[in-house]
Structure formats: structure tokens, C-alpha cells
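Here the protein sequences line up with chains A and B, keeping their order. Numbering (my numbering) for the first sequence: 1 to 411. Numbering (my numbering) for the second sequence: 1001 to 1411.
Calculated directly from the structure, the hints in this document are not laboratory data. Hints may contain errors.
[What the hints assert, rightly or not] Covered, in the sense of this in silico footprint (three residues per stretch, anywhere, with C-beta under 8 Å from a C-beta of chain A), are these stretches of chain B:
1) 1079-1092
2) 1095-1101
3) 1158-1170
4) 1187-1197
5) 1368-1376
6) 1387-1398
[Unchecked claim] Here are the in silico distance ranges between beta carbons for each label pair:
7) A:227 with B:1208: 46 to 52 Å
8) B:1153 with A:225: 56 to 62 Å
9) A:119 with B:1089: 20 to 26 Å
10) B:1153 with A:386: 50 to 56 Å
11) B:1397 with A:405: 26 to 32 Å
12) B:1389 with A:196: 28 to 34 Å
13) B:1382 with A:316: 43 to 49 Å
14) A:209 with B:1223: 30 to 36 Å
15) A:223 with B:1084: 18 to 24 Å
16) A:57 with B:1381: 41 to 47 Å
The beta carbon of each residue, even a glycine, is placed where N, CA and C say it ideally should be.
2 protein chains.
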Amino acid sequence: MEKSNGEVKEEFKAPSDGSVCGFDSLHRLLKENLKPQHFQEVSRIIHGLNCGKALKAITLPKSAAALSLDRGFDLQAFSFNAEKELLREPRIVRVGLIQNSIALPTTAPFLDQKRAIFEKLEPIIDAAGASGVNILCLQEAWMMPFAFCTREKRWCEFAEPVDGESTKFLQKFAVKYNMVIISSILERDINHGEVIWNTAVVIGNHGNIIGKHRKNHIPRIGDFNESTYYVEGNTGHPVFETAYGKIAINICYGRHHPLNWLAFGLNGAEIVFNPSATVGELSEPMWPIEARNAAIANSYFAASVNRVGTEIYPNPFTSGDGKPAHPDLGLFYGSSHFSAPDASSTPSLSRNRDGLIIADMDLNLCRQYKDKWGFRMTARYDLYADLLARYLKPDFEPQVISDPLLHKKSS
Amino acid sequence: MEKSNGEVKEEFKAPSDGSVCGFDSLHRLLKENLKPQHFQEVSRIIHGLNCGKALKAITLPKSAAALSLDRGFDLQAFSFNAEKELLREPRIVRVGLIQNSIALPTTAPFLDQKRAIFEKLEPIIDAAGASGVNILCLQEAWMMPFAFCTREKRWCEFAEPVDGESTKFLQKFAVKYNMVIISSILERDINHGEVIWNTAVVIGNHGNIIGKHRKNHIPRIGDFNESTYYVEGNTGHPVFETAYGKIAINICYGRHHPLNWLAFGLNGAEIVFNPSATVGELSEPMWPIEARNAAIANSYFAASVNRVGTEIYPNPFTSGDGKPAHPDLGLFYGSSHFSAPDASSTPSLSRNRDGLIIADMDLNLCRQYKDKWGFRMTARYDLYADLLARYLKPDFEPQVISDPLLHKKSS
Chain A
1 MEKSNGEVKE EFKAPSDGSV CGFDSLHRLL KENLKPQHFQ EVSRIIHGLN CGKALKAITL
61 PKSAAALSLD RGFDLQAFSF NAEKELLREP RIVRVGLIQN SIALPTTAPF LDQKRAIFEK
121 LEPIIDAAGA SGVNILCLQE AWMMPFAFCT REKRWCEFAE PVDGESTKFL QKFAVKYNMV
181 IISSILERDI NHGEVIWNTA VVIGNHGNII GKHRKNHIPR IGDFNESTYY VEGNTGHPVF
241 ETAYGKIAIN ICYGRHHPLN WLAFGLNGAE IVFNPSATVG ELSEPMWPIE ARNAAIANSY
301 FAASVNRVGT EIYPNPFTSG DGKPAHPDLG LFYGSSHFSA PDASSTPSLS RNRDGLIIAD
361 MDLNLCRQYK DKWGFRMTAR YDLYADLLAR YLKPDFEPQV ISDPLLHKKS S
Chain B
1001 MEKSNGEVKE EFKAPSDGSV CGFDSLHRLL KENLKPQHFQ EVSRIIHGLN CGKALKAITL
1061 PKSAAALSLD RGFDLQAFSF NAEKELLREP RIVRVGLIQN SIALPTTAPF LDQKRAIFEK
1121 LEPIIDAAGA SGVNILCLQE AWMMPFAFCT REKRWCEFAE PVDGESTKFL QKFAVKYNMV
1181 IISSILERDI NHGEVIWNTA VVIGNHGNII GKHRKNHIPR IGDFNESTYY VEGNTGHPVF
1241 ETAYGKIAIN ICYGRHHPLN WLAFGLNGAE IVFNPSATVG ELSEPMWPIE ARNAAIANSY
1301 FAASVNRVGT EIYPNPFTSG DGKPAHPDLG LFYGSSHFSA PDASSTPSLS RNRDGLIIAD
1361 MDLNLCRQYK DKWGFRMTAR YDLYADLLAR YLKPDFEPQV ISDPLLHKKS S
């Protein structure tokens, strides 16, 4: 796999299992291969652009485009639609997502690896800043390789306190660009026995730490088991009220849990970020579905970020795919994108390259769609509060109506 | 719009609002316009056929194909993948979904309209029977035009008791073909003051009525309001244990509610049917998302059925789209399809024509994916039981962490 500087390193080769296809972007593939009217029709279905609506492209400053060209990262920007209201001004927020591969082989000294990622991200964050991004979100555990597949404990050394060097690195950009930044790190909780968590730190636009959220749902997928390193979060479902709107973070595997998405919605989130690290063979067909479903069901924006590239480890391991031990988890397929409450979504960033995707979203769209579709009004939460309470009991009996003729032979 | 017999009737013309595109099937459009290797790659993403898996086409008996040709209905059949297990035999069930337009203008005498639908469905049900379908599901309120957009009360005359003539019509097929049939009707509950419900009747493979489920979530979308006719169902979330597996029915608008899908899963459903009647401008971009998300999140199969065509009413009405009064709700876009717990899905039936789609599914796949992805094990239902109980209280306060510098001016 080619790195953003054009240099080819053995550590980033594409897996040879045949499951990963060669194209870089579904959107571009279709655009290049379909007639314009067919492309438009397919986009209508795939990206939810009904009723003659169109995602407008945003013109970014030349400096951002120049950084993208110079550093070889994908750069895309769109604007979602919303109605003008009579009593509220539009509340347009510019949101950015950064996806990236790691910068050095996993065999390099840890501090070098981390610093090299900082260095690699700097121009991409600058491009976001130059573009006037208000809220920026990085991928899950962006400050390290996603080493949890190895089950080796030494990777814990990457963990930092919430106010550690990765946070400090980002705080200066938050101040410089008046930007809220969501930073998903491996956290070491010094004051509670040095335990480790998977944590998103929310940095305010003045560089202050507004708070943190710890990953609620921890994957056990086959023999891939992140609870080797950290367990289920203890921070509930906080919504962070920032200068640019109410935001929440559903970390990675939590996107498979509709209840997790729901809880952030009940607490008032207008944008829910899903910083992820997930590979093609496992989850790629789910990736365009789950966050978008959450945006529809909860009448908020969803922002999906996934890392890029294949990370090779020194010692082979098994990773839940039933294959013999091998040195990589698979291809992190990027494809970061946004989904909106009106069921529309942006195209995705590249499957293979670092990238920055930007969207302008009028947060008024959330309430407009609550009013239009009435999902909260028709939700009957009382039924489900009751069901879940009953389900928790050891003697729960499912509501099953059996055919009394079940064991009668057919005539 | 062309009827299945080739005759063109004014009542079935496509709307002229520009929102409805001309293609009949996304799958066929892509297949015809992309190079084979591109088509395969796009299918992998769109239909979730990862890891070299492929949906196998099923060879149906010639009699079924002949009926499809003769009557002009779309006929497609697929087989989902599952692993062989060591301790359980495969539990392969053949499931069919029928989508159709109405058969006579809405101005025809009501009994004629209903009988004409019976007549039109007969050969399609015969094709399902000839194909060995075990469980068949029809679309929402299949025995009438979907007149709830008119807000006129006279359409209530279509309502029937659970054991009414529509049930009797289907019972003979259930017996003849040893088939479970899910029949979504407008129900009149004689024993409770003749009140009306939106109800799915489950007919066992011996022709017996196993039970009924009443639509849990009733749409109010803009000024489209089905609660003019019936209110929220009072039958909970029953799972019906049939000769061919445990099934449940999430009627139409209930598909927008992840909690509704969840509840059927908690009660043990292996296949959840979503008989629907929904139009292009409102919901088409959500249609490929929601049932598929439910199949993934709940580790069961989902089966989506939507009606076909544009139904013209005698008196114009407004229908939530903000346009002046007009005589139709819009195009019911068909597109019936299946989704599986492994995130794969079949292509969809035609957007414009009547159709029968069939899939073989090994119900063992449900538990295989529960075991693999561990969603139930990692669900933390206790958190959500508690949250929903608190949310119901009038003094619920969302979990919000405000930036203390929220109102500080930027330097």
C-alpha cells in the first residue's frame, strides 16, 4: 500500500486474501462507470438524495487544497440541505473527520511511532483549520497502532492520562483554530489504580478539556477481544454542550448497538461521532448501514471515521477470522462519511488513503425531522422500559405464541 | 404505469414530480452498466457479500417461471450462506414475499376491488406454492388500496375480522401448499366495539389461525396520519412459533423504531417480516437501511415487503409533502428484499412491477452470528432499562456536560 508521501513500505501492503477489492471509492467508481443520468439515479438511492435535493460541494480555501495535493490525502467537502425556519436562524456548523494510517512500522520505538503520527496529522489538521472547521474528530485510538488484536500487553505503554501528550498536541490546534476536537485515545486512569480505558476526550474551542466519554460496548468478536485491555465504560451516555452544538461520541463497536445510539439521542445529541478502527472482512458491509440508520432513527447527524491501511505486527496472532496466525488484523478501509436525519449521506473518503472530509450541517435539521417524522412522539418508550426491565430478570419468559398444531403431521 | 397484463390504465400512471427515476431495479441497472469485476466489487459493498461469499441463485420449477412470464410479475430467488454445524442439522426455510399493485381503480365497487386483488394474487401465490415456499408474507393491507392518506372514513368498509374473507381466501392456500402465511389486513374488532386495527394475521401451515399482531407504531408524518383510522397496537411483541421457525411481524412504520425490532429479537424471533406500504419521496433512501440494520443488530433475518404502483383517489387531498391537494400519495416503489444477520442482503424486486422474491435461509445462521459478534452478550441492557425508566419521568434531565467556557468570547 502506498503511503501518503508516495513511498512504498512493506508494512502497509494490502492483504492477499482476495476479500479486499481494488477500488478506492464506491462513489468515484460509479461516477466513472455510469452514464450521468444513471449515476444521478443511483446516487438518489445510495445517498438518499430524494426530492431533487443535492449535496452541494463546498469550495475550500486554496491552502487546504494545496495541503491535500502536497501530502496526498483525500479531501472532500459537502453541504447538507435544511429548510429555512421563521423563528430560528440557521445553525450551520462545519464538521471535519480525519482518517489516517499509522506513520512508522509497529517495530519502531513507541515514542517515535506516536510522534510520527503527530507529524503526519499536523498538515491535515491545518487543512481543517484553514477550511474553518468548527468540530474535528479523529479516528479511534489515533495516537497508536490498533494493536489490540495482538493480545500483547506491551502496547499498553501507549496509554496516556486524559491530559497527556496527545491531548496537549491537539489543544494547541483547538486554540489556534477556535475548534472543538474529539480525540479518541487509549487512556490510563492514574487516580484509579492505573486502569486502562478506551476513551474519547472532548477538547473545547478554547483548548480546555470539556470532558471524556469511555467506550460503552467492548467487542468480543470470535477470538478478537478488546476486553484484554479495557472493559465497558463507566461514563454513561454524556452529551457535550459545545460552542457549536450538542455532540456525543459512540466509540467503534458501540455502533452495532442501536440502544447506544438511542441513549445519546435521548440525552439531546445533535451530532454523534463514531470514531472507529474496523477492517474490511469483518464489517465493511455494515459500515454504510449502522450510523446512517442511527441518524434516521434518532433525528441527528452521524459522523463515521475509520482508520486506513494494514498494520503489520512483529508476532503473528489469530484474529477471529478462523485463519492460521498472521501478522495483521486486515485492511482498515477508511470510508469516513456523514449521515443526516433526512436519510441522506455524503460519499465516503478513500478506502486506502489518508483523508479529511468536511460537511456543513444546519443543526436545525434535527428538530425539523423530529417534527416531520415524529419518531420520538410515536416511540412508546414505556413499552420498552417495561420489556427491558422484565428481560433483565433471570426468569424472563419471551412472548411466544406457539402453533397448537406444531407437531401435527401434514395431511 | 403498465399493469402486469400489459394494459395501460390511467389510474396507474407514474407521478410527474420528477422525484421518481425511471429504472426498475438498482441491481439490474448496475449489472447492465458496470464491468463484471466492478459489478462484483460494488455488490460486495452494497449487498454485503464479503469474504468471497456469494448469493446462490435458486432454480425454481418451470411452472413458477411460466406463471411469472405469463402474468408479467418479477420472480427472483436466492440462497443465503451459513456454516455447517457439528451438533445441529441445517434448518433451511424457504421464504417468499409478494409485492403487488391494486387491481381495479379505487372508484370501483369495494367488493369488486377486493375480489380483483384476490384474483390477481392467486397465480403469484401458486408460483410460491409451486416453488415450495414454507412461509409467505404479503404486503401491508394487501386486500385494499392504501387509502389512509385520504382521511375519508368510507374506506373503513374494507376492514374485516381476523377470520374474515381475506383470511379465508389465504387459508385454502396454506393448506394446499403446507405453507405459513402472514396476512396484513385492516382489522375490525367486532368484540371490542367494532374498533379498527392495522393487524397481521398469522395463518399456520394447516390453515389454522395461529394468532395476530397489531401494528405497534402508527405514523404521523407531516399531515399524513394513520391514527385517523387506528391507534397503537395492544398485542405487545409476539413471536409466533410455527412449523418453520420463530417469526414476528414489524408492520410498516415500526421499521423506523429500532426498539420495536429489538423487542422481537428479545422474544426470540428468527425472521422478522416488515409488510409495508411506503412511497418514494418519503422513504426510499431509508428502505435499504433500516431492516438490514435490524438484521445485523438483532442477529435475525429481516424480510421487507412494499406495495407497488400509484393509487389514484376520487377526491384530492394533501399528504404531508407540502404540495397542493392531489389525488395520490405517490409511487409505492416495491423493492422487496431480504436481509441476513451476516449483513448480507438480496437484490430487490422491481420498483414498478408485481413480484415474488424467494430466499432459502438456514436459521442456524442467527445463533452463529450471535456467537460470532456477541451483540447480546455485550448489550448492557441494564443501562438502557434504567435510562428508559428515568426518561419516562416528567422531571427527566438529560446527561449533559456543558463547556464552562461556552459563553467566553474567542481571543
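Hint check:
1. Proximity of the stretch 1079-1092 of chain B to chain A, defined as three or more residues with a beta carbon under 8 Å from a beta carbon of that chain, is not established by the 0 residues found.
2. A stretch counts as covered by a chain when three or more of its residues have a beta carbon under 8 Å from one of that chain; for the stretch 1095-1101 of chain B and chain A the count is 0, and the coverage is violated.
3. Residues of the stretch 1158-1170 of chain B with a Cβ under 8 Å from some Cβ of chain A number 0, which does not satisfy the need for three, so the listed coverage is violated.
4. Check on the stretch 1187-1197 of chain B: 0 of its residues sit with their Cβ under 8 Å from a Cβ of chain A, so the three-residue criterion for coverage is violated.
5. Counting residues of the stretch 1368-1376 of chain B whose beta carbon lies closer than 8 Å to any beta carbon of chain A gives 4, which reaches the threshold of three, so the coverage claim holds.
6. Figure legend: the stretch 1387-1398 of chain B, annotated as covered by chain A; annotation consistent (6 residues with Cβ-Cβ distances under 8 Å, at least 3 required).
7. For the pair residue 227 (chain A) and residue 1208 (chain B), the beta carbons lie near 48 Å from each other, so the given range of 46 to 52 Å is met.
8. For the pair residue 1153 (chain B) and residue 225 (chain A), the supplied restraint of 56 to 62 Å holds, since their beta-carbon distance comes to about 59 Å.
9. A hinted range of 20 to 26 Å for the beta carbons of residue 119 (chain A) and residue 1089 (chain B) is inconsistent with their spacing of about 57 Å.
10. Between residue 1153 (chain B) and residue 386 (chain A) the CB atoms are about 33 Å apart, so this pair departs from the stated range of 50 to 56 Å.
11. Checked against the given bound of 26 to 32 Å, the beta carbons of residue 1397 (chain B) and residue 405 (chain A), roughly 52 Å apart, lie outside it.
12. Evaluation of the 28 to 34 Å hint for residue 1389 (chain B) and residue 196 (chain A) yields a pass: the beta carbon distance comes to about 31 Å.
13. Taking the beta carbon of each, residue 1382 (chain B) and residue 316 (chain A) are about 38 Å apart, not inside 43 to 49 Å as hinted.
14. With their beta carbons about 47 Å apart, residue 209 (chain A) and residue 1223 (chain B) fall outside the hinted range of 30 to 36 Å.
15. Taking the beta carbon of each, residue 223 (chain A) and residue 1084 (chain B) are about 20 Å apart, inside 18 to 24 Å as hinted.
16. Against the hinted window of 41 to 47 Å, the Cβ-Cβ separation of residue 57 (chain A) and residue 1381 (chain B) comes to about 43 Å, which satisfies the hint.
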